[in-house]
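> Sequence:
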Amino acid sequence: MIQINHLSKKYGGSWKAPRDMNKNAEAQVYNRGNWALHDVNLTITEGMVGLLGPNGAGKSTLMRILSTLSTPTSGEAFINGVPLHKSEDIRRMIGYLPQQFQVYPQLTGAEFLDYVAAMKGISDKRHRKVEIDKLLEQLNLQDKARKKIRTYSGGMKRRLGIAQALIGSPQVLIVDEPTAGLDPEERVRFRNLLTRFSLGRVVLLSTHIVADIESNCRQIAVLDQGRVRMSGELADLQALGQGRVWEGVLTEQEYEMLDPLSVVSTRRTEEGMLCKIIADIPNVNSQMKRVNPTLEDGYLALLSDGALGRRGVSSDA
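Here the UniProt record's numbering is used: the first residue of the sequence shown is 1, the next is one more, and so on.
Source of the hints: derived by calculation from the structure; they are not laboratory data. Predicted, not measured: the structure shown is a model, and the values here were computed from it. Treat the hints loosely; a few may be bogus.
[As the list claims (entries may be wrong)] In silico DSS-like pairs for lysine-lysine, Cα to Cα no more than 27 angstroms straight-line:
#1 86 <-> 10
#2 157 <-> 147
#3 134 <-> 148
The whole structure should be built from the sequences, with the hints applied where relevant.
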């Protein structure tokens with residue numbers, strides 16, 4: 001389990017003690033700088049859990065903190081009861097696949113995994129080989145194990161990234177934007193792999209792609225501008241669009257009257273512009289009808305509530 005309590009992160013600036021030193025961390029004063037995370041509170045339990053948010057929401061910052069590669073400005077987090085400042089203990093419990101996964105292209109896949117296993121403290125060569133061979137088979141890389149990584153496709157490199165993260169059988173797997181840059185077929189295959197590996201462990205998946213969450217996650221948290229906007233079941237997010245999603249055919253003039261940030265989709269037809277919008281009440285065309293929301297509609301409605309727009313939102317297209 002991952003427990004996050006009042007976690008905040010600021011880049012740059014300087015700290016000045018408040019007049020009342022007994023006040024909590026929120027009373028601390030910072031000059032300039034940018035807040036990447038604001039008072040994040042989350043409880044993440046076993047299974048595959050999605051962290052959804054636009055680009056720049058603070059997802060990667062949170063992932064790096066949980067992986068002990070960055071330290072929070074204030075607040076705390078625990079992985080299976082162990083505080084993050086015990087970084088060596090934490091690193092033995094987690095596997096991490098960053099968004100920008102760096103490899104040594106001159107090595108073969110097997111050589112790279114052997115190097116990672118040695119770095120993780122697995123000193124017995126036979127033990128390393130047994131574990132690596134098993135992972136290569138599970139991730140369908142056994143036929144490519146002796147080939148140089150520079151010959152791998154993007155999807156193969158991502159699977160190799162999961163293999164290195166799984167070395168040592170970690171209790172928690174943290175993956176940051178793992179489907180970015182993959183074609184639709186590889187994206188589906190990769191999501192299914194993560195679901196398989198979520199049995200008996202926590203898999204925390206960050207993404208800006210709604211379909212990554214919809215297909216495979218049982219719980220969700222939405223992060224935007226460094227703040228948790230909601231957390232719960234997928235149905236909870238979808239319900240946020242209930243009664244606020246409208247669809248109908250508009251004239252060109254009516255379409256121009258719409259707030260661009262309220263438009264979910266548009267398609268030109270012989271009758272006019274077929275639009276889906278998010279609004280409490282449409283400001284055009286009384287013939288527009290309410291429709292049932294999708295998960296993405298609920299997500300967009302949530303962002304719209306905070307006047308945050310649709311910055312960085314993506315579907316599975």
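> State for each hint whether it applies.
Against the structure, the hints come out as follows:
1. 86 <-> 10: holds (21 angstroms)
2. 157 <-> 147: holds (12 angstroms)
3. 134 <-> 148: holds (19 angstroms)
The structure fails none of the hints (numbered hints given earlier).
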